[in-house]
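Student: I would like the entire structure built from these sequences, with the hints used as guidance.
Under the working numbering, the first residue of the sequence shown is numbered 1, with each subsequent residue one higher.
Among the hints, erroneous ones may be present.
What the hints assert, rightly or not - Using 20 Å as the maximum straight-line C-alpha spacing, the simulated EDC-like pairs for lysine to aspartate or glutamate come out as follows:
1) 19 with 47
2) 36 with 97
3) 13 with 52
4) 61 with 25
What the hints contain is simulated information worked out from the structure, not anything from laboratory work.
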Amino acid sequence: MMNESYFSSLTVKSFLNIKGSEKDEQINMLIPSTVKFVENKTGLHLDLSNLDDGLAFIISKIIEYFMTKAGLTSYSLSRESSSFSDEIPAYLLSLLEPYIVDCHGNNTSKPIRFISLR
1 MMNESYFSSL TVKSFLNIKG SEKDEQINML IPSTVKFVEN KTGLHLDLSN
51 LDDGLAFIIS KIIEYFMTKA GLTSYSLSRE SSSFSDEIPA YLLSLLEPYI
101 VDCHGNNTSK PIRFISLR
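Tutor: Below, the structure is given as structure tokens:
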């Protein structure tokens with residue numbers, strides 16, 4: 001999926017199907033902190049010049065979460081008031097589980113088992 005050699009706003013926009021350049025500045029501001037968050041959560045050191053497509057997608061989805069009203073926790077119509085959560089939802093965090101490594105670099109996720117329905 002990633003055609004460019006470096007994870008950038010173009011990568012995020014490609015995954016999220018964003019056209020135009022009006023969100024580039026916001027995306028570029030969110031990339032470093034999101035990558036650092038993913039590194040802290042997984043124990044990996046991410047090389048943005050050779051990033052796994054799965055991690056690139058997850059980082060893009062986390063960026064999308066903070067760019068939209070996905071974190072909206074309450075809204076009042078009178079006098080237009082909104083409250084947002086800065087907590088990343090569990091469904092996004094669960095996408096990182098296969099990438100988590102321990103202090104020795106071993107993957108800590110449990111193997112996936114497939115069960116026949118016959």
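Student: Please go over all the hints and tell whether each is borne out by the structure.
Tutor: Here is how each hint holds up against the structure:
{"no.": "1", "hint": "19 with 47", "result": "violated (26 Å)"}
{"no.": "2", "hint": "36 with 97", "result": "holds (16 Å)"}
{"no.": "3", "hint": "13 with 52", "result": "holds (16 Å)"}
{"no.": "4", "hint": "61 with 25", "result": "holds (17 Å)"}
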